[in-house]
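Engineer: Numbering-wise, the working numbering comes out as the position in the sequence shown, counting from 1, plus 72.
In short, the hints are calculated from the structure, not lab data.
Check the hints yourself; a few may be wrong.
[Stated by the list, open to error] Restricting the straight-line Cα-Cα distance to at most 20 Å, the calculated cross-link-like pairs of lysine to aspartate or glutamate (EDC-like) are:
| no. | residue 1 | residue 2 |
| --- | --- | --- |
| 1 | Lys223 | Asp200 |
| 2 | Lys307 | Asp82 |
| 3 | Lys170 | Asp220 |
| 4 | Lys326 | Glu256 |
| 5 | Lys170 | Asp136 |
| 6 | Lys309 | Glu297 |
| 7 | Lys309 | Asp319 |
| 8 | Lys376 | Glu301 |
| 9 | Lys170 | Glu137 |
| 10 | Lys170 | Asp200 |
| 11 | Lys170 | Glu208 |
| 12 | Lys307 | Asp319 |
| 13 | Lys307 | Glu256 |
| 14 | Lys163 | Glu207 |
| 15 | Lys376 | Asp319 |
| 16 | Lys163 | Glu208 |
| 17 | Lys163 | Asp200 |
[As the list claims (entries may be wrong)] Distance ranges between label pairs, derived from CB positions:
| no. | residue 1 | residue 2 | range |
| --- | --- | --- | --- |
| 18 | Pro352 | Tyr311 | 35 to 43 Å |
| 19 | Thr369 | Leu232 | 43 to 51 Å |
| 20 | Arg348 | Arg251 | 31 to 39 Å |
| 21 | His186 | Asp283 | 22 to 30 Å |
| 22 | Lys309 | Ala236 | 25 to 33 Å |
Nothing here was measured: the structure is a model prediction, and the numbers come from that model.
Yeah, the Cβ is synthetic: ideal placement off N, Cα and C, and Gly gets one too.
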Amino acid sequence: MSTSELPALDLRGLNPAPVTPFTPDGDVDHAAMAGLGKWLAGIDGVKSLVVLGHAGEGTFLTQDEQVALVRNLVNEVSVPIIAGITGEGTKVAVEEAKRAVEAGATAGLVYPSHGWLRFGYQQGAPQDRYRAIYEETGLPLILFQYPDNTKATYNLDTQLEIAAQPGVFATKNGVRNMRRWDTEIPVLRRENPDLQILSCHDEYLLHTMFDVDGLLVGYGGLAPEPLIELIAAGKAKDYAAARKIHDRLLPVTKAVYHRGSHMEGTVALKIGLRTRGILPNAVIRSPLVDLTAEAETEIADAIKAAGLA
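Take the sequences, apply the hints, and build the full model.
Structural biologist: Right, dumping it as structure tokens:
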């Protein structure tokens, strides 16, 4: 099956990867999740919601919690729900994808097997991971390109081969190496013209905005309105407009993503959503830890300075 023969799923716009709210006792807060999902889905330009990834603390949830989160969101919101498929081994990932399909997910964002982060991958192994998941579940899949400074980043040939496989209809690219971005994205576009190309460079959006069909970012769960404007500016090749939005958001970008660890971004996103009045709290799950009171003030001040609260 070619990309053009897959069920129509248009992600050409903003695809937020929202956080997962928790109750003060640490349980998944499905009511708050529904409220967050409805708010995001109600914004014109939001194409889907992507759950169970890094921003959503997906790997910190039990299997039952993962299934319940997808199922409840499918029942609550009007846009497609895309599930992160993060299982370490291919068989484990296939079973995870099957559960996502049963819960109502429309597509899957396939993470690399995380042992590759440390040890690298054997040639052909990523292709087999995507092939097995699609053949055994029929779930349309998104190719996930990891940062260049990890051993789980795919070389260009691997990306091209995965993109050409049955079931793969989009790529979420977070290579975070602009030399590779500038040389590899045009080749992906040329060789796979139907492939939807989505940037996930939360902290490098301005550079990548002019080459993509849309965004798939945790940032979209906090600041969807200006990011939709940024996508429009990028598609119009209007650098001045894009730069203005970038500069408006820069204090937020710094407060959320220019921290000691990118994982702190999830904590900061929750603080920002609490500041915006979207979430009732900023409860996280271990191994994340709370930020300092000074950091919380910095994030709240940045949200207000950007006109988001």
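Engineer: Look at each hint and say if it fits the structure.
Structural biologist: Hint by hint, here is what the structure shows:
The straight-line distance between the Cα atoms of Lys223 and Asp200 is roughly 17 Å, inside the 20 Å bound, and the hint therefore holds. Proximity of Lys307 to Asp82 is assessed by CA-CA distance (about 16 Å); at most 20 Å being required, the pair is judged to hold. Annotation: proposed proximity of Lys170 to Asp220 is violated, straight-line Cα distance about 30 Å (limit 20 Å). At most 20 Å may separate the alpha-carbon atoms for a hinted pair to count; Lys326 and Glu256 exceed this at roughly 27 Å.
Taking the CA atoms of Lys170 and Asp136, the gap is near 13 Å; set against the 20 Å cutoff, the hint holds. Between the alpha carbons of Lys309 and Glu297 the distance comes to roughly 19 Å, so the proposed pair stays at or under 20 Å and holds. For the given pair, Lys309 sits about 17 Å from Asp319 by alpha-carbon distance, which is consistent with the 20 Å threshold. A C-alpha spacing of about 18 Å is found between Lys376 and Glu301, which places the hinted pair at or below 20 Å, so the restraint holds.
For a cut-off of 20 Å, the pair hint linking Lys170 to Glu137 stands: about 15 Å separates their Cα positions. For a cut-off of 20 Å, the pair hint linking Lys170 to Asp200 stands: about 17 Å separates their Cα positions. A hinted pair counts as satisfied when its Cα atoms are at most 20 Å apart, and Lys170 with Glu208 qualifies at roughly 8 Å. With a C-alpha separation of about 18 Å, the suggested pair Lys307 and Asp319 falls inside the 20 Å cut-off, and the hint holds.
A hinted pair counts as satisfied when its Cα atoms are at most 20 Å apart, and Lys307 with Glu256 qualifies at roughly 19 Å. Proposed proximity of Lys163 and Glu207 is supported: the alpha carbons are some 12 Å apart, at most 20 Å. In summary, the hint linking Lys376 to Asp319 is supported, as the alpha carbons are separated by about 14 Å, within the 20 Å threshold. Distance check on the hinted pair: Lys163 and Glu208 sit about 10 Å apart at the alpha-carbon level, within 20 Å; holds.
For the hint linking Lys163 to Asp200, the alpha-carbon distance of about 11 Å falls within 20 Å, and the restraint holds. The hint said 35 to 43 Å for the Cβ distance between Pro352 and Tyr311, and at roughly 39 Å that hint holds. Judged by the Cβ atoms, the range 43 to 51 Å given for Thr369 and Leu232 holds: they are separated by roughly 46 Å. Distance hint check for Arg348 and Arg251: the Cβ-Cβ separation is about 36 Å, which falls inside the suggested range of 31 to 39 Å.
In this structure the supplied range 22 to 30 Å holds for His186 paired with Asp283, their Cβ-Cβ distance being about 28 Å. At about 28 Å, the CB distance of Lys309 to Ala236 agrees with the hint of 25 to 33 Å.
Violation of the numbered hints given earlier is confined to hints 3, 4; the remaining hints are satisfied by the structure.
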